[in-house]
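There are 2 protein chains.
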Amino acid sequence: MSEHSPLAVVGTVAIDAIETPYGKKDQVFGGSAAYFSYVASFFTRVALVAVVGQDFPLEYRRILEERPIDLSHLHTLEGKTFAWKGKYTGDMNMAQTLATDLNTLLDFNPELHFEKHPEFLFLANIDPNLQLKVLDQVHRENLKYVACDTMNFWIQTRLEDLHKVFKRVDCLILNDGEARMLTEESNLIKAARAIAKMGPKHVLIKKGEHGALFLYGHEIFSLPAYPIDKVSDPTGAGDTFAGGFMGYLALTGDTSFTNMKKAVAMGTIVASFTVQDFGLDAVRKITRADLDERLKHFQQICSF
Amino acid sequence: MSEHSPLAVVGTVAIDAIETPYGKKDQVFGGSAAYFSYVASFFTRVALVAVVGQDFPLEYRRILEERPIDLSHLHTLEGKTFAWKGKYTGDMNMAQTLATDLNTLLDFNPELHFEKHPEFLFLANIDPNLQLKVLDQVHRENLKYVACDTMNFWIQTRLEDLHKVFKRVDCLILNDGEARMLTEESNLIKAARAIAKMGPKHVLIKKGEHGALFLYGHEIFSLPAYPIDKVSDPTGAGDTFAGGFMGYLALTGDTSFTNMKKAVAMGTIVASFTVQDFGLDAVRKITRADLDERLKHFQQICSF
Numbered sequence: 023m024s025e026h027s028p029l030a031v032v033g034t035v036a037i038d039a040i041e042t043p044y045g046k047k048d049q050v051f052g053g054s055a056a057y058f059s060y061v062a063s064f065f066t067r068v069a070l071v072a073v074v075g076q077d078f079p080l081e082y083r084r085i086l087e088e089r090p091i092d093l094s095h096l097h098t099l100e101g102k103t104f105a106w107k108g109k110y111t112g113d114m115n116m117a118q119t120l121a122t123d124l125n126t127l128l129d130f131n132p133e134l135h136f137e138k139h140p141e142f143l144f145l146a147n148i149d150p151n152l153q154l155k156v157l158d159q160v161h162r163e164n165l166k167y168v169a170c171d172t173m174n175f176w177i178q179t180r181l182e183d184l185h186k187v188f189k190r191v192d193c194l195i196l197n198d199g200e201a202r203m204l205t206e207e208s209n210l211i212k213a214a215r216a217i218a219k220m221g222p223k224h225v226l227i228k229k230g231e232h233g234a235l236f237l238y239g240h241e242i243f244s245l246p247a248y249p250i251d252k253v254s255d256p257t258g259a260g261d262t263f264a265g266g267f268m269g270y271l272a273l274t275g276d277t278s279f280t281n282m283k284k285a286v287a288m289g290t291i292v293a294s295f296t297v298q299d300f301g302l303d304a305v306r307k308i309t310r311a312d313l314d315e316r317l318k319h320f321q322q323i324c325s326f
Numbered sequence: 023m024s025e026h027s028p029l030a031v032v033g034t035v036a037i038d039a040i041e042t043p044y045g046k047k048d049q050v051f052g053g054s055a056a057y058f059s060y061v062a063s064f065f066t067r068v069a070l071v072a073v074v075g076q077d078f079p080l081e082y083r084r085i086l087e088e089r090p091i092d093l094s095h096l097h098t099l100e101g102k103t104f105a106w107k108g109k110y111t112g113d114m115n116m117a118q119t120l121a122t123d124l125n126t127l128l129d130f131n132p133e134l135h136f137e138k139h140p141e142f143l144f145l146a147n148i149d150p151n152l153q154l155k156v157l158d159q160v161h162r163e164n165l166k167y168v169a170c171d172t173m174n175f176w177i178q179t180r181l182e183d184l185h186k187v188f189k190r191v192d193c194l195i196l197n198d199g200e201a202r203m204l205t206e207e208s209n210l211i212k213a214a215r216a217i218a219k220m221g222p223k224h225v226l227i228k229k230g231e232h233g234a235l236f237l238y239g240h241e242i243f244s245l246p247a248y249p250i251d252k253v254s255d256p257t258g259a260g261d262t263f264a265g266g267f268m269g270y271l272a273l274t275g276d277t278s279f280t281n282m283k284k285a286v287a288m289g290t291i292v293a294s295f296t297v298q299d300f301g302l303d304a305v306r307k308i309t310r311a312d313l314d315e316r317l318k319h320f321q322q323i324c325s326f
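Those protein sequences? They're chains A and B, same order as listed.
Quick note: the first sequence uses the numbering used here, first residue 23, plus one each step.
Quick note: the second sequence uses the numbering used here, first residue 23, plus one each step.
These are computed hints drawn from the structure, not numbers from a lab.
Hints are supplied without guarantee of correctness; some may be wrong.
Note that identical chains are pooled: a pair holds if it fits in a single copy or bridges any two copies.
Here are the simulated DSS-like pairs of lysine-lysine, each with C-alpha atoms no more than 30 Å apart in a straight line [to be verified]: (1) Lys189 with Lys166; (2) Lys318 with Lys223; (3) Lys212 with Lys107; (4) Lys283 with Lys252; (5) Lys318 with Lys219; (6) Lys284 with Lys46; (7) Lys219 with Lys47; (8) Lys318 with Lys283.
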């Protein structure tokens with residue numbers, strides 16, 4: 023019998039190849055659920071629901087095993103691990119995808135077998151049909167908070183399914199470009215309000231180097247990014263932002279506006295560490311105390 | 023003998039024609055010094071140093087006369103008033119200039135005759151040579167604080183003169199695109215630090231809907247924009263931002279980091295009103311109390 027995880031994430035585990043103005047790296051351990059779970063585990067025990075291929079390196083599994091992450095839902099399937107190759111240029115706000123090999127991701131059929139279901143759930147960026155499959159397996163009334171992510175590809179090709187997902191989650195976390203695409207609204211406040219009408223009562227828009235905007239019913243919270251003068255690799259920034267946000271929420275169990283503002287700020291801080299090095303390299307070097315210290319500095323930077 | 027003005031602005035007074043997704047307006051009263059002085063006058067008496075042509079409408083002069091603005095340096099020259107025609111599309115962060123008629127601006131030769139010189143000076147966006155001419159006429163040691171603005175055109179064509187200006191001001195206020203162009207640095211923190219090495223000890227980068235970044239020696243202050251769900255016309259946002267910032271500084275006379283953070287926030291608030299209607303229409307409807315009230319709300323929106 024495994025220890026209870028208050029938080030679960032369903033998403034991808036991947037092997038990435040990344041090129042930025044600061045370097046080029048193959049064989050980088052990545053994937054939305056890997057990034058999310060690694061940093062959420064600074065706050066709470068987290069269950070990782072994902073698949074990998076037979077080529078998945080043991081050393082990557084060890085990285086996750088170091089942390090309070092429940093790996094009993096990380097299944098190894100026949101074939102190769104999902105692989106993504108991307109490049110960042112210019113202001114590094116947007117990756118250019120060079121190659122995507124779905125591999126075992128094509129056979130991903132998430133099945134949740136928990137003795138006690140997690141109270142907090144994050145549906146990372148995957149096929150909206152899989153997100154719906156997960157939602158079918160959880161009792162909504164036992165869940166305190168469900169958030170989901172998505173991407174431009176699903177907005178363009180699978181909008182109908184996405185709308186079904188939106189109706190069943192508390193919060194949609196997406197970036198500014200996706201919010202504009204989804205709503206055809208250039209003003210982000212209006213875009214956030216339009217999204218709230220699609221279902222999620224909370225909307226969290228990530229703006230990369232420009233910070234984040236959080237719509238909580240009629241309330242709005244806006245904050246800049248933590249200033250980082252050398253962004254080495256933005257990969258995983260959004261997933262670790264979500265991981266810090268949801269991890270902090272699961273730890274505190276408090277979804278009041280006041281506490282959620284702190285959760286958004288914590289997500290910002292976690293993401294600010296992520297981008298300082300390739301893959302998980304930067305966050306692997308820190309502790310919860312480093313997050314708290316930078317959060318305190320962030321509070322000084324923003325207050326007037 | 024006119025009353026003392028603690029603050030002076032040298033810049034343009036213009037007649038604009040503006041097109042945005044929300045409408046089209048000819049004969050809009052504008053110009054950097056007009057916008058700046060109008061809103062700075064919410065905080066302190068301000069001297070406006072500029073030229074207009076013989077066609078300058080009396081009703082526009084009346085708008086300035088309503089406020090504690092010293093117009094004794096607003097000279098009427100032979101010819102027509104400087105006219106600008108611009109258009110905003112998409113996310114409205116950047117104007118597309120359709121026409122510029124310099125007219126009397128070509129004969130602008132600022133001469134400062136003050137019984138007692140202002141302690142705070144803003145060199146709005148004009149030919150860097152004129153900015154230097156103004157600096158030659160003031161005794162730097164009698165000035166508490168000098169800030170200047172500029173634009174991409176001067177960066178591209180008159181960089182040498184601009185560098186002379188930068189060495190003689192306390193603060194450069196510019197937008198993100200200009201900061202990147204000036205430094206060839208995409209990261210804004212690095213760009214701000216690079217600008218500080220050119221002379222100004224303070225650098226204030228305006229990011230439109232994304233807020234502002236303020237470098238104060240080794241300190242950094244970052245804040246989002248006040249959320250506005252309908253930006254009718256961004257013209258004058260930058261000039262009124264500067265007007266709120268410098269007006270608040272001149273009122274308080276305090277250039278400590280703590281007070282300057284508040285001045286930046288006040289600039290943000292003033293700009294947030296400006297964009298809600300065409301030209302000066304929105305700020306003409308408000309009082310200092312409205313600014314203070316929105317500033318208080320802004321503090322709630324940003325705090326965590």
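So, going through the hints one by one against the coordinates:
1. For the identical chains of this complex, Lys189 and Lys166 are intra-copy neighbours only, at 15 Å inside a copy versus 57 Å across copies, given an alpha-carbon limit of 30 Å.
2. With identical chains, the CA atoms of Lys318 and Lys223 are at most 30 Å apart both within one copy (29 Å) and between copies (25 Å).
3. Proximity of Lys212 and Lys107 under a CA criterion of 30 Å is satisfied inter-copy only: 28 Å between copies versus 34 Å inside one chain copy.
4. For a Cα distance limit of 30 Å, the shortest separation of Lys283 from Lys252 qualifies both inside one copy, at 26 Å, and across copies, at 24 Å.
5. Proximity of Lys318 to Lys219 under the C-alpha cut-off of 30 Å is restricted to the inter-copy arrangement: shortest distance 28 Å between copies versus 34 Å within a copy.
6. Proximity of Lys284 to Lys46 under the C-alpha cut-off of 30 Å is found in neither arrangement, the shortest distances being 34 Å within a copy and 42 Å between copies.
7. With identical chains, the CA atoms of Lys219 and Lys47 are never at most 30 Å apart, being 41 Å at best within one copy and 33 Å at best between copies.
8. For the homomeric pair Lys318 and Lys283, the shortest alpha-carbon distances inside one copy (14 Å) and between copies (17 Å) are both at most 30 Å.
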